[in-house]
Amino acid sequence: MARTLAMFTDTSLCIGCRACQVACKQWNELGLEVPDWTGTYQNHTHFTDKTFRLVRFIEEPKPTGDLAWLLMSDVCKHCAEAGCLDACPTGAIYRTEYGTVNINQDVCNGCRYCVSSCPFGVVSFNETTGTAKKCTFCNDRIHNGLGPACAKACPTDSIQFGFRDDLVTKAQKRVETLKAMGFKDAQLYGADSKGFLGGLNAFFLLLSKPSTYSLPEQPKLPQRNVVVDSLLSVGSAIVIGLGALLAFRDREQGDGNA
Amino acid sequence: MLKTPDWELMIVWYFFLGGIAGGAYFTAAIADNFGTVRDRAVARTGYLLSLPLVGMCGMLLIADLGVPRRFLNMLAAFKFWDPMSIGAWMVGVFGLFTFVSSVLSFTSSEKMAALRRKIGLVGLLFGFFLASYTGVLISNSAMPFWSDARLMGALFLASGASTGMAAVSLLMFVTGATAGEGWGKVKKADRFSMIFELLVLAAFLFMLGSAAKPITTGHFAPLFWGGLVAMGLVIPLVLDLVGHRVRALAPIAAVLVLVGGFILRYVVLMSIQA
Ligand code: SF4
Ligand code: SF4
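Heads up: the sequence lines are chains A and B, in that order. In terms of the numbering used here, the first sequence is numbered consecutively and its last residue is 1741. In terms of the numbering used here, the second sequence is numbered consecutively and its last residue is 329.
Hints are all accurate, no fakes.
Label-pair distances were calculated between CB atoms; the ranges are:
id, chain 1, residue 1, chain 2, residue 2, range
1, B, 65, A, 1707, 22 to 30 Å
2, B, 61, A, 1662, 40 to 48 Å
3, A, 1714, B, 298, 32 to 40 Å
4, B, 64, A, 1509, 37 to 45 Å
Hints listed in this document are in silico derivations from the structure and should not be mistaken for laboratory results. Note that the Cβ used here is the ideal one computed from N, Cα and C, for glycine as well.
Using the sequences and the hints, build the whole thing.
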């Protein structure tokens, strides 16, 4: 496996210009969709089958009564332990040699298990192709020596592309700097490869707690309970089976099983 | 911000019919192996019922795909920890068992009947599987309520048993195969399954606590409490216990159990996807 690639989204640098969102649409030919009214500048509400990069515009009430404007360019996290990948029964979802997670559109049969298995609600179903869609980490570009279109287009370096280990070091330094500047809630999300989901290959620097950005505080792998749930089902099968066995055994003993 | 998979009515039917198919088959196999000659009607009814139901399950699954002609892609991969992957395989394998058992249920040769009983013993494991894996499948997703329910598979299994047995007893009633002890034994097994289902359901709700709200409160609450708990379990049990001498009550109880089983799948799937 090649060295793991990553995207680091530093929300403290984001100016909400949406160059990334547009670049993603253009490069990946994602097509038009009807906009949603979200009550803020944000559009759409959430990822869709045609929106893989999405700039979130969040208004957080401050103790002073003012609003803080938080901006975050959100994307598929390319989780090291990816719920979508584990769920996919066809093997359409696979991990590339760079550690990114991609959906092979020629294999996906549109069962939608991945849609229900992403802890971040990233995967979306496309009615036209009948397949599941999400950020590809610009798979075509990274295999040709280019970074993802969003990172390339970002004018403030809010989205940075590179080797994961390098980016994590950089991100840690940036958190220290921001804290020294007085952003006391500055924190990394998904940078720790010993943390949740084995770390995210698209990780973030946030200026407030994850839930402010509609991110789960501790996302969990959906498949973690498969053994317990199966064993409980087996237990239930044994009880039911014994019940039926006793019902049919009744009385008739000696009648012969002829 | 999670996204729902839009598994709607077709999947509700799939879960429901898969439960009946599994339940009917394992009831048949148990009757075949541990019952008497006079329970043959139970075995034959159960085997013959499970065959078309599994066929319908397969068709529903394929029809619900985004690209139905790619359904074989499911069989191009096998992931032993993935309920959807194993499930797709098992529908096919279980289908074969129901076919062979159905064919052999017409045999008059004792040798063939012995073979059928052995096949039934193996096939019943797949029947149990089909009735319960759908619960494990949704409880291993990122969805709230589904993923909080450790007993989803166990509950679906109990419901598959109660509905499968109700379907067999109903079919026996309709086809006039109620003479002999077989019919009474199915009803007895069904009674046991329903009582067990109520217990599992109570544990299910208790373990979920407030995570069960999507079905216990709000829009789906009347269907859940009225349709499943009262009409689909408590009333049929009462009918069965107090009215077991009135033959005409038996098919009514069986129909209620079947409707309740459908409502269970419906409220579980639709409550968080509506
Ligand atoms: S964020 Fe969701 S879609 Fe992206 S890799 Fe993780 S589980 Fe898969
Ligand atoms: S919808 Fe496609 S990518 Fe998603 S789990 Fe099913 S086959 Fe895999």
